[in-house]
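Engineer: Given next are the chains, with one letter for each unit.
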Amino acid sequence: MVYGKDYSIALDISLSMGEKYSDMIPSKLEACKEAIVILASRVLQSGSRIAITLFHEKPIPLLPLTGDYRLVVRAISDVNFTGEGSALGDGIVEAIKILRGSRRDKIVIALTDGGVTEGIPVKASALYAKYSGVKLAIIVLSRDIRSEILDEFKQVSDSGAEILFVESKQKLISAIMKMV
Amino acid sequence: MPLIVFTVEKSREIDAILVRRILESAISLGEPIGYKASLVVYGERAHPLVDPTLDWGIIPRAYAETPILGKSPNLLEALRETREILDLEDSFEPRITLIIWSASVKPKHRVDLVLKSLEYMGVKYKIIALRPSLPGWIKYYPEILENTITYRSNMNIEKLYQRIIMDITH
Chain A
1 MVYGKDYSIA
11 LDISLSMGEK
21 YSDMIPSKLE
31 ACKEAIVILA
41 SRVLQSGSRI
51 AITLFHEKPI
61 PLLPLTGDYR
71 LVVRAISDVN
81 FTGEGSALGD
91 GIVEAIKILR
101 GSRRDKIVIA
111 LTDGGVTEGI
121 PVKASALYAK
131 YSGVKLAIIV
141 LSRDIRSEIL
151 DEFKQVSDSG
161 AEILFVESKQ
171 KLISAIMKMV
Chain B
1 MPLIVFTVEK
11 SREIDAILVR
21 RILESAISLG
31 EPIGYKASLV
41 VYGERAHPLV
51 DPTLDWGIIP
61 RAYAETPILG
71 KSPNLLEALR
81 ETREILDLED
91 SFEPRITLII
101 WSASVKPKHR
111 VDLVLKSLEY
121 MGVKYKIIAL
131 RPSLPGWIKY
141 YPEILENTIT
151 YRSNMNIEKL
161 YQRIIMDITH
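For the protein sequence lines, the chains are A and B, in the order given. Quick note: the first sequence, position 26, residue 26 per this note's numbering, numbers continuous. Quick note: the second sequence, position 141, residue 141 per this note's numbering, numbers continuous.
A hint or two may mislead.
As the list claims (entries may be wrong) - Distance windows between CB atoms, simulated: (1) 147(A) - 116(B): 23 to 31 angstroms; (2) 80(A) - 105(B): 34 to 42 angstroms; (3) 101(A) - 149(B): 30 to 38 angstroms; (4) 170(B) - 147(A): 49 to 57 angstroms; (5) 155(B) - 160(A): 46 to 54 angstroms; (6) 101(A) - 2(B): 15 to 23 angstroms.
To be verified - Derived coverage of chain A by chain B (criterion: at least 3 residues anywhere in the stretch with Cβ under 8 angstroms from a Cβ of chain B; other residues may be distant): (7) 113 to 122; (8) 126 to 138.
In short, the hints are calculated from the structure, not lab data. We put the CB at the ideal spot given by N, CA and C, even for glycine.
Same shape as in the complex, but just chain B:
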């Protein structure tokens, strides 16, 4: 069955209420249709919180319940956990990942390599950076730069989510 992994930051650097609204939009829209959903949370540490399930409703609830995982987001560890979950699923089925990130600190350079490896696995992904513009250092991360959409406060969250899912699934 197709799978979407929500890889979502919960550190002191991110607006957790906004993240929850994005996850709730995903649930209320029910898109992409026919997918199982899974949740990985990360801050200084990363861990799976919901393994692949058809019960999407628990995703925002689980995110809200989980404690803040330190200050700086560790994107590399989050992607490793994500890849572990993606590996559990049949590689002939579509597998996608939506990463929600504060872009508050420079990630390790190997992040670009891990993102490349997701591509080689046939996984499609997009990153939503919850800030109006990307920091200057992003130019050193071509994979991130190419696949990141920034969020501005006047944006309609449901429309943004739909646009991203459309981009990934087509």
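Bound conformation, chain A alone:
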């Protein structure tokens, strides 16, 4: 009998994530880090595991699946905004790959400000989630999304993924906790 779920987080670390947004001060990235720690404190006690992948122009696997809360906190505290470009589709694909072989319920949570600029189309990554039995949620920290990106997100939600737009830190935390 396997208890708990496996959560794989894809976190955008492009330069724009270093900017503040609404009450997300000093930055969107710091708000995401706080939300991930809150998620970890809630789900790791029940036997679930968390993995983290970072992405800007390429994905960077940071933390494999772990149930160790202190390790999650240590890994996330070292993260900073880094580079140009934002390859959300690549980040999601990498986050799904980490879940290969898992026999638990599998969830990918992507955190981004929606400035998708390159890489694998987000729709393609959402299809990979669908055919891998992975529940995908994309949490977008922005109000000003370009229309072509909005169209892409629309196609993504047609593939069964959930797209959540959040405008405050509390809504970000609520959106993440919705996946528990």
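Please build the complex by placing chain B on the supplied structure of chain A, with the hints as guidance.
Structural biologist: For chain B alone, coordinates are given in the frame of chain A:
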């Protein structure tokens, strides 16, 4: 369990309907028997679309649903993704790969090395080039040349698929 990986192009350069017909032939014939199937798609970028599964029916459906991945096919990246999937499986079981390719642009020369590395892993593979004849530059890619079958429009797809699977599995 034995595994077949379909490594399939979805760029602007390839006839996606024809590719889907080949994949549907594979499903309707159910060959090779007793294999799990997996799907990697590629254009300018490559990514896995279906990880190894016994549910072959989703392969052509997933291919049809996926968006076009740019203009020029990146065979090298496709083979890297394919190798990653093959690595997940038990190396004592038969592992084969069927690559469907437009042969529309010269691949990077390292492609030949990656194909060699598949051989060293014990993986058997064939390439179907969806064009009646191969371009002149193919002579610089001996591994590709040796393992590629071209497609002409008068060919019976099911027979072509059966012949290829027979070649790989025997």
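Engineer: None of the hints should be skipped; say for each whether it holds.
Structural biologist: Do the hints match the structure? See the list:
1. Checked against the hint of 23 to 31 angstroms, the pair residue 147(A) and residue 116(B) fails, with Cβ atoms roughly 47 angstroms apart.
2. Between residue 80(A) and residue 105(B) the Cβ separation comes to about 38 angstroms, which falls inside the hinted range of 34 to 42 angstroms.
3. For the hinted restraint 30 to 38 angstroms between residue 101(A) and residue 149(B), the CB-CB distance of approximately 34 angstroms keeps it satisfied.
4. Our hint of 49 to 57 angstroms for residue 170(B) and residue 147(A) holds, since their Cβ atoms are close to 54 angstroms apart.
5. Roughly 37 angstroms separates the CB atoms of residue 155(B) and residue 160(A), a value that falls outside the hinted 46 to 54 angstroms.
6. Between residue 101(A) and residue 2(B), the C-beta spacing of about 18 angstroms keeps the proposed range 15 to 23 angstroms intact.
7. Counting residues of the region 113 to 122 of chain A whose C-beta lies closer than 8 angstroms to any C-beta of chain B gives 3; at least three are required, and the coverage claim holds.
8. Counting residues of the region 126 to 138 of chain A whose beta carbon lies closer than 8 angstroms to any beta carbon of chain B gives 4, which reaches the threshold of three, so the coverage claim holds.
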